[in-house]
Amino acid sequence: MLFLKLMDRLKQYSYLVAVKSLLILLLILLPFPLISSTQDQNQKDFPFPVSHFKLKNGLQVILSEDNSLPLVSVVIAYNVGSINELQGKAGLAYLLENLMFQGSSNVGRMQHISYINRIGGEWNAATTEDKTVYYQTVPSNQLALVFWLESDRMKNLEITESNVHRTKNSIIEEVQHRRATDPHLESFFAFDRLIFPDFAHSHPVIGNEKEINDIAVEDVKNFYSTFYVPNNAVLCVVGNVDGERAEELIRKYFETIPEGKVASSVPVQKSFDKKSASETLKDTLASIPGFHLGYRIAPPYSRDYYTLKILEYVLLRGKSSRLYKRLYKRERLVYDFSAGIEKRKDLAIFKLFALCNNEIMVDISLRAVLSEINKLKSTLVSEKELTKSKNMFKMDYIKQFETSLEKALFLSDTFLSHGTLDVLPLELNKYLNVEARDIISVVNRYFNSDNRILLTIKIK
Amino acid sequence: MKLLENKQKTSIIHKLFFFLILLTFVFPLLSQERFRKSPPYPDPLNELNLPKVESAPLSNGLNVTVARRENLPLISLQLVILAGESSSPENLPGLATFTANMISRGAVNLSSSKIEEILESIGGNFSTSTFLDYSLFTFTFLEEYLDEALEVLSKMILQPTFLKREIVNEKRNMFYSLREKGREPEFVARRQLFKLLFQNHSYQNAAYTEEVFRNISQEDIFAYYDKYYRPNIASVVLVGNLNLRIAIRKVSHYLNTWKRKELDRRFIPLPAPSSKEKICLVDLPQAKDSTIYLGNIIFPRNNQDYFPFIVLNQVLGGTTGSRLFMNLRESKGYAYFAFSEVEFFRSCGIFMLKAKVRPEVTYFSVRESLKEIEGIIKEEVSSFEVEQAKSYLIGNFPFKIDTFENSCYRISEAVAFQLPNDYWNNYYENIMLINAEKVFEVAQKYPLLTPVVIIVGDKEKIMEHLGEFEEVEIYNSKGELQYKQIKGVDK
Chain A
1 MLFLKLMDRL KQYSYLVAVK SLLILLLILL PFPLISSTQD QNQKDFPFPV
51 SHFKLKNGLQ VILSEDNSLP LVSVVIAYNV GSINELQGKA GLAYLLENLM
101 FQGSSNVGRM QHISYINRIG GEWNAATTED KTVYYQTVPS NQLALVFWLE
151 SDRMKNLEIT ESNVHRTKNS IIEEVQHRRA TDPHLESFFA FDRLIFPDFA
201 HSHPVIGNEK EINDIAVEDV KNFYSTFYVP NNAVLCVVGN VDGERAEELI
251 RKYFETIPEG KVASSVPVQK SFDKKSASET LKDTLASIPG FHLGYRIAPP
301 YSRDYYTLKI LEYVLLRGKS SRLYKRLYKR ERLVYDFSAG IEKRKDLAIF
351 KLFALCNNEI MVDISLRAVL SEINKLKSTL VSEKELTKSK NMFKMDYIKQ
401 FETSLEKALF LSDTFLSHGT LDVLPLELNK YLNVEARDII SVVNRYFNSD
451 NRILLTIKIK
Chain B
1 MKLLENKQKT SIIHKLFFFL ILLTFVFPLL SQERFRKSPP YPDPLNELNL
51 PKVESAPLSN GLNVTVARRE NLPLISLQLV ILAGESSSPE NLPGLATFTA
101 NMISRGAVNL SSSKIEEILE SIGGNFSTST FLDYSLFTFT FLEEYLDEAL
151 EVLSKMILQP TFLKREIVNE KRNMFYSLRE KGREPEFVAR RQLFKLLFQN
201 HSYQNAAYTE EVFRNISQED IFAYYDKYYR PNIASVVLVG NLNLRIAIRK
251 VSHYLNTWKR KELDRRFIPL PAPSSKEKIC LVDLPQAKDS TIYLGNIIFP
301 RNNQDYFPFI VLNQVLGGTT GSRLFMNLRE SKGYAYFAFS EVEFFRSCGI
351 FMLKAKVRPE VTYFSVRESL KEIEGIIKEE VSSFEVEQAK SYLIGNFPFK
401 IDTFENSCYR ISEAVAFQLP NDYWNNYYEN IMLINAEKVF EVAQKYPLLT
451 PVVIIVGDKE KIMEHLGEFE EVEIYNSKGE LQYKQIKGVD K
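Residue numbers (this note's numbering), protein chains in the order written: chain A, 1 to 460; chain B, 1 to 491.
One chain only, chain A, in its complex shape (with noise of 0.2 angstroms):
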């Protein structure tokens, strides 16, 4: 199962967070009122009807009525990722994920998918950094089954030997495919370890074959009683059913799932200390030299956040933004580029990945990138400019709720994010607020040398 691939999708709308451990920050911030209807603020700047109630057990549940189309859409989000896996057992997190579809007390080996398959439903799973989400939208007459589904795993997966095994199996098969089509896996890899502060936010999700080896069934005992409990969790349903009968299944499918003990979480580093590196790797796979620019930027949803994302659509989102017209289009200086804001729990970084012709190349598309990145330290972008910026991101940010499953994925990833959905009705603006010299001052404090780490990838 290649839910990695998704995964990826998965993280760039990825909404986590200035929270410390969520689990915490839910214990103070609850009790919430039992059913709290967050439209009546601000309805009017609110996208769609939102309710929002807890069960007994802790499980937070969102509802949002769509009849647009006879679907429904079912989200659950687990607050676990690999950040909150041990050294030495990386890549426990993604192994569960895959273990939810061996089958739970009522529900057979792989009968998860086919029963979503067998009605025109679809289905998948992701695991990143600081969440594991599992969705699903099926015809919206057929909710009770994705809930008797989804509480069977909860309250009851088969951890089994031979289960544990044969997945583990099939995720070293992935680990070892990834290398194998992929040249520049280790090197972004790397990258990871040099620029976040820890192992717990620089190991890779998917974790490698000696430790995925090492995990015992016990550890994933351990993890699933931890973690996948129901006040550790957000339920989120988006689509065309009635908001009562909706409630009516949930409490019956989920509320007996008996809540679990607040897991102690592992140390982590909330914040970033100030970095710089330059570093060289001579990649034996790669066959195209390039680098690897990272800052440490401005943790999520601090006020800096919101300016620094518009400045990373003025730099390069969409074939009009500064780098993609400087270094593709103008001086064809590199071969192709990725790059944007990532968010691991409570860090960001800023980062941006080239693959360059030759080793003068990169030279020379490093310098370009340096140079308009120091142009916005003293000149202002045009008001046009910005407008363009953040109209682009507007688009963007509205079709995160364009389909009932976008909008329920935005939706629990709002929720794990910021422990309410309070905040939405004001978050658009945030963003579109942000003033051409809000956008110098972020360059300045944030776009340093002295804050630059560099990987750059040599060719054997």
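Think of the hints as simulated: they come from the structure by calculation, not from any bench. A quick note: this is a predicted structure, and the numbers were derived from the prediction, not measured. Only true hints are included.
Computed cross-link-like contacts, BS3-like style, restricted to lysine-lysine with a CA-CA straight-line distance of at most 27 angstroms: (1) A:Lys399 to B:Lys400; (2) A:Lys319 to B:Lys114; (3) A:Lys282 to A:Lys458.
Based on the hints, put chain B in the right spot on chain A.
The following block gives chain B in isolation, referenced to the frame of chain A:
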């Protein structure tokens, strides 16, 4: 405190409490076990309520079609030109696609990068696709910029410059992207199937390779543009928060100067289906597996057999639960995947099977695939399978219209194939009317057992496993016939 003093009372309360616990926790637990044992029954199916589709023509013949969707502040627009790759001249395949791709590469007083900037300034996304019978320009933007969107669209469509410099750029683009695709076995197989099924028919144009672009000149592009980019064979389809009156006013403001020109369109007759099984190997050196595409020509899109046939297709190979997949992958272990599908055009349709298998079982996989088709023709499929297929098709349909662009596309498709405006509203009913008997009937009607069979793979690995076929035609990766092998002997 009082309670504590009265022991009697406390004990009663204890008992009561115990009973309450029993009531609230234990009893539900017992009943809970029962409902968790088996999957619940579905609720009654919810209705499909699609937005009303309305249309009206402008005075120059341009058709404007609107469907209202209110939930997001954006608009999806599609411009449909009812001329596609089959309208490319015989000696210049690829010209229709090339011309369409040039549309966003410059207009009078607008360079291609200026166009990109304008498109992005309104949060817009513009893309082009060319099919056999029509070309499609898809444009999604923030709703407050409808005027700006129509203005830039009108400049692109009415005043393209087709500059030589941009032609060179686009040639390079298309050359490399097609050469890249030419390494994908699925792409090569599909191209070869089209080439062989559509011999002596203008649909064969679609089977072009990366070499064709070098022959295209600026004059060719202008000539094609002048002939086919006409309002009387075009439609603008809009999905968003607007009605037909506003749409007509706005579209007319920007596109009413578009000049109509009658064109003499010859009717493209239905190509003759293959009447004999034909085995073709396309050599793609280094390919690991055998990729099999086999298919034949069936009826066109606008045809009453459409619904029974898509149910048939679903039973045979629509999903991982269908017969082909269950046989070739789950039971025999030959294939990584095995599916069937239908694709429709204005003059005909294609029914095809696709499978990726291990080279050493290529022959058996072709045989098993044909056996599965035979099964559906010889014996009526069970009602259970038909109902499964129907429930899948009904359940999956809304996914095809979930985004603004997807619903726009369904409407454009209906426009292109001259289906009624409310066509999709009746989808559920049309599927529900199908039964095993109707599937059986339609299975008899078309020559499904005499397909063209395309096998794409490394000749070195596959050839020795094809000896059982009577005759095999060997092609190179560009699709050119090299030689024939009869009963395992080269000719």
